[in-house]
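**Q** What follows is the residue order along each chain.
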Amino acid sequence: MRRAARQRLSVDVPELNLVPLLDMVSLLIQLMLINARFGLFAEIGSFAARPGGEPAAGPTLGLVVRVNQDGYEVSWADGDERVHKPVPCAVKPCAPDGYGQEALRALLVPLKQRFPDETRVVVVPAASVPFEALVATMDTLRQPLGTAPMFAEVMFPPALPR
Amino acid sequence: MLAAMVDMMINLLIFLLTLYGTDPIDVRGSAELQLASSASHDPVKYAVSVVVSQKAVEVDGVPVVLLREENGALRFPDGDALGGFTQALAQRRDEAVAAAAKRGEDAIPDMSIQCDRRVPWEVLGPLLTQAGDAGFGQFRFVVHGEEP
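In the order they appear, the protein sequences are chains G and B. When you line the first sequence up against this note's numbering, it's residues 1 to 162, in that order. When you line the second sequence up against this note's numbering, it's residues 1 to 148, in that order.
Computed, partial: chain B to chain G, Cβ under 10 Å:
id, residue
1, M9
2, P43
3, V52
4, I113
5, D116
6, R118
7, P126
8, L128
9, D133
10, F136
11, Q138
12, G145
Please keep in mind that the hints were generated in silico from the structure rather than gathered at the bench. None of these values were measured; they are calculated from a predicted model. C-beta: ideal position from N, C-alpha, C; glycine also.
If we strip away everything but chain B, and leave its shape as in the complex, we get (with noise of 0.2 Å):
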């Protein structure tokens, strides 16, 4: 009689297998990383992964830059502020360039950021001013979208 419970179980899990294969993107919402909702419905491309949270700014998941809270504003530390975001920024673009050869392309690459919604610009505009320098072409902002 254990057939029908097997019969769900095995249901429920090819659902949830599904729900693990459609992004591309590893995106864990948390206190600190709240998404803003947008109107959009593009598909999340693969791309170079920046988050930036009320805690920290991270490149494909190392923690590079840790921000601090000064009277209520969202603050770089002091002194070489992003050093290493430069410096991990330049590493993952080489990486991206040297793969994107390895297929016969020569392609820019492009970076996808998942940006707290509270994130003030002069946190995040810097970000992407060194992101540009860096060689990074375009910014693909993670968002709430909507059904197509």
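Chain G with its partners taken away, still in its complex shape (with noise of 0.2 Å):
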């Protein structure tokens, strides 16, 4: 009997064949290499301004930011009169991230302090200005001011093909 044992025991196992799946795993890791997409994606959220749109409740800062080929023209209602101030880039034409962004925050800084219930702002791009600019002039004026952005709502006017 224990020899019979000693007999089954000493049978050899077959070694397990990896190279298949090797080659299978392989190929697909050179698949999903080549569709890999290792940047960090983010999104700026904006609207459509409209005319007649829903007025804000209280005294509004009417804040519009023009972006044009040689910086930013900023106008708000300073009671029944309008404020106008460009910020002009330091080398024209402007570079898309070359636009003053800095003289526009110290600009605005006040602005929102004494609005801080304002949270919208009209951007008007020039017809040339690239999508790029208009990004940097988003995130400026969507940069932190305390713990909320300064102005969260950016809008667009409507425009027309040319």
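Quick one: dock chain against chain with the hints and give me the complex.
**A** The structure is reproduced here in structure tokens:
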């Protein structure tokens, strides 16, 4: 009996052939590496400005930022008057990331402090301004002041095809 | 002795699979579509997808407007340039509203826009205006973001 059991235990177990599995996984990894996206994506929200839209409650700033070829032009309501303030770029024509974003922020911070509940801003770009410059502008407008963004609701005016 | 290699490959496979599962959008970078960089770290949400590249405007992966270059500037084609875009948007809006109604929601559909960083406002502006007219509420621009 003992001899028979010892004979059964000594049977060789066949080795698992992993080569086909490795081939398949290697091909799958190559395919996924080709299609992989390693960047981190985010989004920036904005709205289309509509004439006759819902009016804001209480006094409003009526902030408008024009993005021109030679810099920003910022305007806002001060009582019954509109104040216009240019924020030119250091080098003209402006590079998309060289639009004087720091100067724009310095101008907007006191306005936000005067109107802490105001969140809306209308951005009016010139025809040839690239999207990259608009993103830099939106980033500046949405920069946090305290815990909340300065002007979270960025709106664009209607535009017609040329 | 292949067990160690199999372990490594399985780990690599799992890592790659997680990359595929995180974003609800499909961004295919190319020479014609280079996204802008931003300080935003708002996560990307699912919405009707519009891609504005240097060559064409696509709605949910289907080209609806072919752009042309004139004197180094990007232009819409002659004629009813935005007809196909408006039609495609109306269809997607109806589908999005119907899907929201099935879920018992009364939602205004949003739009996710992947726009090439060099596209000028004279091309992007009319597209946003048409989208607003078609009943889309918010435009969410997809950008290269920062870690939160």
